[in-house]
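Let the sequences and hints guide you as you build the complete structure.
Position in the sequence shown (from 1) plus 13 gives the number in our numbering.
Certain hints may be false.
[Said to hold, decoys possible] 20 Å max Cα-Cα, derived SDA-like pairs, lysine to any residue:
id	residue 1	residue 2
1	Lys40	Arg81
2	Lys33	Gly68
3	Lys40	Ser60
4	Lys33	Arg81
5	Lys40	Glu52
6	Lys40	Gln118
7	Lys30	His45
8	Lys33	Arg102
9	Lys33	Pro87
10	Lys99	Ala70
[As the list claims (entries may be wrong)] Restraint ranges, calculated between C-beta atoms of paired labels, are given here:
id	residue 1	residue 2	range
11	Gln50	Lys99	20 to 26 Å
12	Val15	Pro46	20 to 26 Å
13	Ser34	Leu96	31 to 37 Å
14	Leu113	Ser34	14 to 20 Å
Since the hints were derived computationally from the structure, they do not count as laboratory data. Idealized CB from N, CA, C, for every residue including glycine.
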Amino acid sequence: MVVNNLTRNRQLIVRGKLAKSLLARAKGLLFHPPLAQGEGLLLAPESSIHTFFMGFAIDVAYLDGANRVVHLIPEMKPFRISLPVKQARAVLEMPAGTLLRTETQVGDQLEIVDGG
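Written as structure tokens, this is what we have:
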């Protein structure tokens with residue numbers, strides 16, 4: 014899966030995975046090694062996350078049903094929880110620093126391309 018920011022003409026993720034099942038979404042990045050630049054996880058459907066038992070910070074983008082960014086949490090540290098974001102239908106987890114590097118902002122339009 015690839016994720017592009019169409020508003021900023023930037024690529025956020027080049028090697029992404031999709032977590033759709035309840036079990037895959039619950040596991041998320043728990044006990045996962047730190048993400049490399051260009052890696053990421055899309056949890057869908059989802060509107061809140063936690064970083065319990067994670068050993069690294071992540072950037073988080075909440076997306077509405079049209080893949081527009083409705084909320085951001087840069088550098089969410091381990092053992093934190095986010096409250097549900099009402100408009101969110103999916104959550105994109107990326108390496109810390111991705112949002113700053115790509116200048117991604119609330120309101121940006123993202124494109125999610127399934128790699129097969």
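Now the hints, each set against the structure:
Annotation: proposed proximity of Lys40 to Arg81 is violated, straight-line Cα distance about 25 Å (limit 20 Å). For the hint pairing Lys33 with Gly68, the CA-to-CA distance comes to about 23 Å; that exceeds 20 Å, so the pair is violated. The straight-line distance between the Cα atoms of Lys40 and Ser60 is roughly 15 Å, inside the 20 Å bound, and the hint therefore holds. Proposed proximity of Lys33 and Arg81 is supported: the alpha carbons are some 19 Å apart, at most 20 Å.
Pair hint Lys40 plus Glu52 holds up; C-alpha atoms about 17 Å apart against a cutoff of 20 Å. A threshold of 20 Å between alpha carbons decides the hint, and for Lys40 with Gln118 the separation of about 27 Å lies outside it, so the pair is violated. Of the pairs offered as hints, the one joining Lys30 and His45 holds, with about 13 Å between alpha carbons and a cut-off of 20 Å not exceeded. For the suggested pair Lys33 and Arg102, the alpha carbons sit about 12 Å apart, so the restraint of at most 20 Å is met.
In summary, the hint linking Lys33 to Pro87 is not supported, as the alpha carbons are separated by about 23 Å, beyond the 20 Å threshold. With a CA separation close to 23 Å, the supplied pair Lys99 and Ala70 exceeds the 20 Å bound. Taking 20 to 26 Å as the suggested C-beta distance range, the pair Gln50 and Lys99 does not conform, at roughly 31 Å. Between Val15 and Pro46 the beta carbon distance is about 21 Å. The supplied range of 20 to 26 Å therefore holds.
For the hinted restraint 31 to 37 Å between Ser34 and Leu96, the CB-CB distance of approximately 23 Å leaves it violated. For Leu113 and Ser34, the Cβ-Cβ distance of about 31 Å falls outside the hinted range of 14 to 20 Å, so the restraint is violated.
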